[in-house]
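**Student:** Here's the letter readout for the chains.
There are 2 protein chains.
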Amino acid sequence: MPELIQPTDDDARALARGLIDTARFGALAVHEAGTGLPMVTRVAVGTTPEGQPVTLVSGLSHHTKALELDTACSLLIGEPGDKGDPLTHPRLTLMAKARFLRHGDTDRDALAAHYLQSHPKSKLYIDFPDFCFVKFEVDKAYLNGGFARAFVLGPQDLGL
Amino acid sequence: MPELIQPTDDDARALARGLIDTARFGALAVHEAGTGLPMVTRVAVGTTPEGQPVTLVSGLSHHTKALELDTACSLLIGEPGDKGDPLTHPRLTLMAKARFLRHGDTDRDALAAHYLQSHPKSKLYIDFPDFCFVKFEVDKAYLNGGFARAFVLGPQDLGL
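Which chain is which? The protein sequence lines are D and Z, in order.
Quick note on numbering: the working numbering labels position 9 of the first sequence as 483, and the sequence is numbered without any gaps.
Quick note on numbering: the working numbering labels position 153 of the second sequence as 627, and the sequence is numbered without any gaps.
If you are wondering where the hints come from, they were derived from the structure by calculation, not from laboratory data.
A portion of the hints provided could be inaccurate.
Treat identical chains as interchangeable: a pair holds within one or across any two.
The calculated DSBU-like cross-link candidates involving lysine-lysine, where the alpha carbons are at most 30 Å apart (straight line), are [as the list claims (entries may be wrong)]: (1) LYS571 - LYS614; (2) LYS609 - LYS539; (3) LYS571 - LYS539; (4) LYS609 - LYS597; (5) LYS614 - LYS539.
Here the structure is a predicted model, which means the values were calculated and not measured.
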C-alpha cells in the first residue's frame, strides 16, 4: 500500500463494500498467544445480516486462542484470480477488534442461519460446541485498488 | 489450526514444500508501524534459487515500513480454488523474520533474474529504486492440510 493516499470517494467506498459482501474467506492476522508474534491464518468470511464482517472459528484453533487473549486483529479480503499480476487485484485490509458470539448468545442463531446461506458446507460443523462466531469491529480499513490506488477508509465509509 | 498436532511425516514435508514452491502470492502479517497492531496485506511470493521464500515490495508500502521497524512477520500461502470449502484446502503459515535485500546488495541481481522467471510481470517495477526483496527466514511453520490435519514444522522440514 503506497503512502500516496487518495481522497476517499464513492467508487472507493463501493469497491470496499463489494469486497466485504463477496468475501468467502480471508487471511486473519493476530498476535500469537504466548509469543505475541504476528501470525496469519486462513479463515472463512461472511457477514452478519447487518453487513458486518464475521468469521466462524473453532475454539481449538491457534487464532481463536490468540483472539481470546488479545482482540486486536486484521483481516485481508479480496482474492486474486488465477491470471494476471495478483498485486493489481483490489484488496482490503481491515484493522479490527474481535467480538465473540457463542452458542447461547443473543443473535447467535440468527447469525448462524444467515451465515449458512453463504457457507452451506459449514453446516457440517457450525453447531459443534467448540465453534463460535467472531465479529470484526472495524476501526479502519486500507483499500488497495491496484498500484497507486490506495485509500484509508473509516467504518462509516463501509456502512458499519 | 486445531491443537491436535500430528507427528510430522514425509507427506507433510512434501505438502508444505510444494506450497512454498508453487506460491505466487500470499498474505503477510506484520506489526503495523506506529501502532504495533497486527496488520495483514497481500504480497507477491516467490523463492530464491535455494528455495527460500521471498517477496518483492515497495519501500513506500505500509508493510515495508513495518518490517523496517520490526522484522517479525508471518506469511500465509496456499490459495483455495473457487469451489468447495476454502477451509479444506491446505495452507501454510510461516513464522519468520524479514531480511532485506536491496539494490547493490550481493546476490540481489541473481535473485531478481530468478524471480522474474516466476513473476514475469514484475519486470515493470522490479528495478524501481524503492523496490527491494524481503527474504523470509523461517523459524517455524504451521501446516494445515484440512480439518484435523495439523502439523508444526521446523526449517529443516522445509529444506531451509
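**Student:** Work down the list of hints and note, for each, if the structure agrees.
**Tutor:** For each hint, the structure was consulted:
Both within a single protomer and between protomers do LYS571 and LYS614 lie at most 30 Å apart by alpha-carbon distance, with minima of 10 Å and 26 Å respectively. Taking the shortest Cα distances, LYS609 and LYS539 sit within 30 Å of each other both inside one copy (15 Å) and across copies (29 Å). Taking the shortest alpha-carbon separations for LYS571 and LYS539, both the intra-copy value of 14 Å and the inter-copy value of 23 Å come in at or below 30 Å. Proximity of LYS609 and LYS597 under a CA criterion of 30 Å is satisfied intra-copy only: 19 Å inside one chain copy versus 40 Å between copies.
Proximity of LYS614 and LYS539 under a CA criterion of 30 Å is satisfied in both settings, with 23 Å inside one chain copy and 18 Å between copies.
In summary, the structure agrees with every hint in the numbered list given earlier.
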